[in-house]
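First residue of the sequence shown? That's 1 in the working numbering, and the numbers climb one at a time after it.
Hints are computed from structural coordinates only; laboratory data are not their basis.
Among these hints, one or two may not hold up.
Just the calculated beta-carbon pair ranges, DEER-fashion [claimed, not checked]:
hint: 1; residue 1: Gly130; residue 2: Ser158; range: 32 to 42 Å
hint: 2; residue 1: Gly157; residue 2: Gly88; range: 48 to 58 Å
hint: 3; residue 1: Gly159; residue 2: Thr35; range: 11 to 21 Å
hint: 4; residue 1: Leu156; residue 2: Gly88; range: 54 to 64 Å
hint: 5; residue 1: Val32; residue 2: Ser84; range: 15 to 25 Å
Given the structure is predicted, the values throughout are model-derived calculations rather than measurements.
Even glycine gets a Cβ: it sits at the ideal position worked out from N, Cα and C.
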Amino acid sequence: MKTKLFLVALLASAFAFTPFAKADSVTLESHVGDTYNYQLTFDEHSTTFFLDGFQITGLSGVTDAELSGALANDFGIANFDSSSVTVGTIYSYEYGKTIPFSVGTLTITSDAAPGDVNFAILDSNGLSMGQVEGPTDGSGCGDPSPVPEPSSIVLLGSGMLAAVGAVRRKFLV
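Put together the whole structure using the sequences plus the hints.
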């Protein structure tokens, strides 16, 4: 009985806390020369919410940063230096659009390719954090070698044990 009650509670909590899940993201949209465009996208919001701001860190050689799209109307570059850009709200603008949707683009001018950068987005639904892969020049190391999943290894091992057992039994008789 306790197990059934626990399973019901676990299932109910899974559905109850689903609206709290967030997956806001910042992605590297494009880059040309020394200009890198980062797109801010809201992915998981079922109600209206307020965006408080966001930050991109781990950059290098930043010489300029500017906003475009809806971000330019409601936000301003609060601070930027050679390694980070912080964007803060100017107005308390309420978003309530169909998800996912893009809010705008942050364009960064940098002497050095930014590589992988980190982002943090703060809004009235909480904090989202993640990493954005930097631009590649196409000369990467290629696809990684395939790694067998554990169940395949177990299946292969049990087949080998069965084969060894069958051979052993045949020679003993």
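Right, here's what the structure says about each hint:
no.	hint	result
1	Gly130 x Ser158: 32 to 42 Å	holds (39 Å)
2	Gly157 x Gly88: 48 to 58 Å	holds (56 Å)
3	Gly159 x Thr35: 11 to 21 Å	violated (56 Å)
4	Leu156 x Gly88: 54 to 64 Å	holds (56 Å)
5	Val32 x Ser84: 15 to 25 Å	holds (22 Å)
The structure is inconsistent with hint 3 alone, although it conforms to all the rest.
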